[in-house]
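Residue numbers (the numbering used here), protein chains in the order written: chain H, 510 to 829; chain E, 510 to 829.
Think of the hints as simulated: they come from the structure by calculation, not from any bench.
Please note that a few of the clues may not be correct.
Since the list gives no way to pick one copy over another, a pair counts as held whenever it fits inside one copy or between any two copies.
[Unchecked claim] Calculated lysine-lysine pairs in the DSSO-like style (CA-CA distance at most 30 Å, straight line):
id	residue 1	residue 2
1	580	605
2	825	565
3	825	623
4	708	515
5	623	820
6	717	595
7	825	708
8	565	595
9	565	708
10	623	605
2 protein chains.
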Amino acid sequence: MPDIPKSIRITEEGPREGFQIEPGPIPTARKLELIHALACTGLKQMQITSFVNPQKVPGMADAEAVVEGLKPEPGVDYHGLWLNEKGLQRAMASGKLHLEGKVNMYPSATFLMKNQGCTQQQYREIAGRLIEMYKGYGIPMEKGSISSAWGCNFEGGVSSERVVELVGDLMDLGAEHGVAIKTVSLADTMAWATPLGIKRTIGAVREKFPDLRLSLHLHDTRGMAIANAYAGMEMGVDQFDSSVAGLGGCPFGKHKGSAGNVCTEDLVLMCDEIGVETGVDLEALIDAAALAEDIVGHPLPGSVMKGGSLKSLRDKLAVH
Amino acid sequence: MPDIPKSIRITEEGPREGFQIEPGPIPTARKLELIHALACTGLKQMQITSFVNPQKVPGMADAEAVVEGLKPEPGVDYHGLWLNEKGLQRAMASGKLHLEGKVNMYPSATFLMKNQGCTQQQYREIAGRLIEMYKGYGIPMEKGSISSAWGCNFEGGVSSERVVELVGDLMDLGAEHGVAIKTVSLADTMAWATPLGIKRTIGAVREKFPDLRLSLHLHDTRGMAIANAYAGMEMGVDQFDSSVAGLGGCPFGKHKGSAGNVCTEDLVLMCDEIGVETGVDLEALIDAAALAEDIVGHPLPGSVMKGGSLKSLRDKLAVH
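Bound-form chain H, shown alone (with noise of 0.2 Å):
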């Protein structure tokens, strides 16, 4: 296992695509002391809100409070989403938010169609204008993503020639707009994973372009998350997506198919056992998760919440 990486970094999505899943209305207080517990964690880097159409996402309506109420804790990003022009002035006008430009890829045609009208060409003038606002901003505009990267609900499968094929399109892309993309972030949307697609894709992606740095987002729709965040770290990824007691889908039949991403605690601990670094405070973290639970008023699908750390485990046998 010589790529495990020695550390990780995290970047936590619960309060973002964790609470825009909610039916109910969270409160922007509760919201907050979510953020803040997490931020007393260990965790660096967390999206907190989306500056999006909030007829569409009722439940980031409060984007702009959210943003208002953060006491921001030192060393920590808070990161936020935006789709759009107008979102992105949305979030620079918030002032408090750690701002990064990126565009995303998609393998379906299909679905751009779908969901954005567009052609694989139309899009491609769509993220090129992205790049062009992020440097008239002045924005840093490094970061690259390939959404539904193994399989999408309307194309099937993705192979892994066709990610490194939109790989390359990123990096084409980013080379006529003059600016360079270091990572890219490989989104596995609708839960279409194994561990052994991972390494296919991961393997084949690397094999091209060895200086690019992999992020992986993962959700865990057919359970498989914490299995492929293991594979892509065996392939050496040190940069994952995740969310506090696996919110982000509601796994009780109300949101059928939509799992949130791997479990941030269950991550870390997984990280703790194998010696590689989180920066993270697990117990902390268990403490958040009981906490989003408490805010969501359902059971949350995370496993070390409910199951404990072998830390603490460990600790009581030292003592006795």
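Given the coordinates of chain H, work out where chain E should sit on it, guided by the hints.
Just chain E, lined up with the frame of chain H:
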């Protein structure tokens, strides 16, 4: 990934290990309903009840009634569990079960003393008498197991060297009694394993005992079971215990720290997607998981039963 087996053998544990932990009494007829549904999925090995003290495990008091009501499917081996000669005699009397002898080893002297009131040496004598008992009854005796092979809540982590030593003890004990142990099950009883730990221990055991067949029994208390199963497959392991819907612990607080075995349908989905034969029809298994949830009357932790299979998505895409 050269060692991933072409096929694996799954032993379903849900009707025994799963129902045993449920607080409410489950009617025998409903247990039989699940056993029948599971036997129709293609699962060929299934543990259906325990012949244990009904005062200690009230949920298994109907062991004889379960076997009496059983309508065996051709080709399916129905197993029972016993802990002593009396239990074995009850299992034999039932007349429909597949009987296999097995002896167990424990890494933890503390656990042995606390739970069985004996030293390692005394336990070794008990195990020897068990082997003689199987021989006396003409029951095949080719299996051993190591409990808590990655760690124990009473003594902490267990090293791969200690497991190799215990496997050696098992082989020696068999040899002393004229039986050859051909398969050893390594059980992560208390959920201390990580994928890296799985690889280390399996690697160490295989190096010393290259002809020994290994089986894994993986609890999911800390969410690692599916990652551990995949790590085992990469090391060539081709026998797994599992539990439909993740039955076997209450992940919602009541039985903290005691989740069930790796979820059968999540394991089967992973195998389907990476080309490992299980002989199991995943759609039928998902229906059985829904039945299990209906029987216990509370949400169960399996993922694929909620998220659905990928084959069903592919089939839909093929139609449109």
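How the hints compare with the structure:
1. 580 / 605: within (9 Å within a copy, 67 Å between copies)
2. 825 / 565: Close across copies (28 Å), not inside one copy (49 Å); limit 30 Å.
3. 825 / 623: The answer is between: 17 Å across copies meets 30 Å, while 55 Å in one copy does not.
4. 708 / 515: The answer is both: 19 Å in one copy and 18 Å across copies each meet 30 Å.
5. 623 / 820: between (48 Å within a copy, 22 Å between copies)
6. 717 / 595: neither (36 Å within a copy, 64 Å between copies)
7. 825 / 708: between (38 Å within a copy, 27 Å between copies)
8. 565 / 595: Only inside one copy: residue 565 and residue 595 sit 15 Å apart there, 65 Å across copies, limit 30 Å.
9. 565 / 708: Classified as neither; 36 Å inside a copy, 47 Å across copies.
10. 623 / 605: Answer is neither; intra-copy 35 Å and inter-copy 56 Å both fail.
Going through the hint list in order, the structure does not satisfy hints 6, 9, 10.
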